[in-house]
Amino acid sequence: MKERFYDLSGNVITVEEEASAGPETDQVFELRTYTAAEGKFDDLLARFRDHTLRIFEKHGMTNVGYWTPQDEPLSANTLIYVLAHPSREAAEQSWRDFSSDPEWQSVAEESQKDGRLIVGLERVFLDPTDFSPMR
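Sequential numbering from 3 applies to the sequence shown in the numbering used here.
If you are wondering where the hints come from, they were derived from the structure by calculation, not from laboratory data.
Misleading hints may appear alongside valid ones.
Below, simulated DMTMM-like cross-link-like pairs (lysine to aspartate or glutamate); rule was C-alpha separation at most 25 Å, straight line [as the list claims (entries may be wrong)]:
hint, residue 1, residue 2
1, LYS42, GLU32
2, LYS42, GLU124
3, LYS42, ASP132
Estimated spans, in silico, between C-beta atoms of each pair [said to hold, decoys possible]:
hint, residue 1, residue 2, range
4, PRO135, GLN114, 19 to 27 Å
5, ASP99, ALA48, 33 to 41 Å
6, ASP99, PRO75, 22 to 30 Å
7, GLU111, ARG137, 19 to 27 Å
8, LEU128, PRO75, 36 to 44 Å
9, PRO71, LEU128, 13 to 21 Å
10, PHE133, GLU111, 39 to 47 Å
11, PRO130, ALA48, 17 to 25 Å
12, ASP28, PRO135, 26 to 34 Å
13, THR131, GLU111, 22 to 30 Å
14, PRO130, PRO71, 40 to 48 Å
15, PRO104, SER134, 32 to 40 Å
Just so we're clear, the structure is a prediction, and the values are computed from it rather than from any experiment.
Glycine included, each C-beta is placed from N, C-alpha and C at the ideal position.
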């Protein structure tokens, strides 16, 4: 059976499910909020655009969506994004692999040669509700 869902960006996601009822998924979503250092917001966005999303995918993280607030003062320095992981354990392993990836280490070092890009980070793991269209 195929079902259609919309992700947080409005893109259609088609999911093919088996007809038999199986166990619930352990998939978790990770909501992250970054606060950029003064004058570094554009650099942070460029690093995500040019490198980070691709390296996340390389390590099994699914990019769900990326947002910037519309209203001041957060619109000047805040990036909010959601990743999906098969499980909490998979998320932790993906982050370990990402952090030790030589490509990421090079990107991070190069992008911070003139100072840190991020001065604040919040991280929350989320479970979809039983009525959530995105599970």
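I'd like to know which numbered hints this structure contradicts. Please list them from smallest to largest.
Hints 3, 4, 5, 6, 7, 8, 11, 12, 13 and 14 not satisfied by this model.
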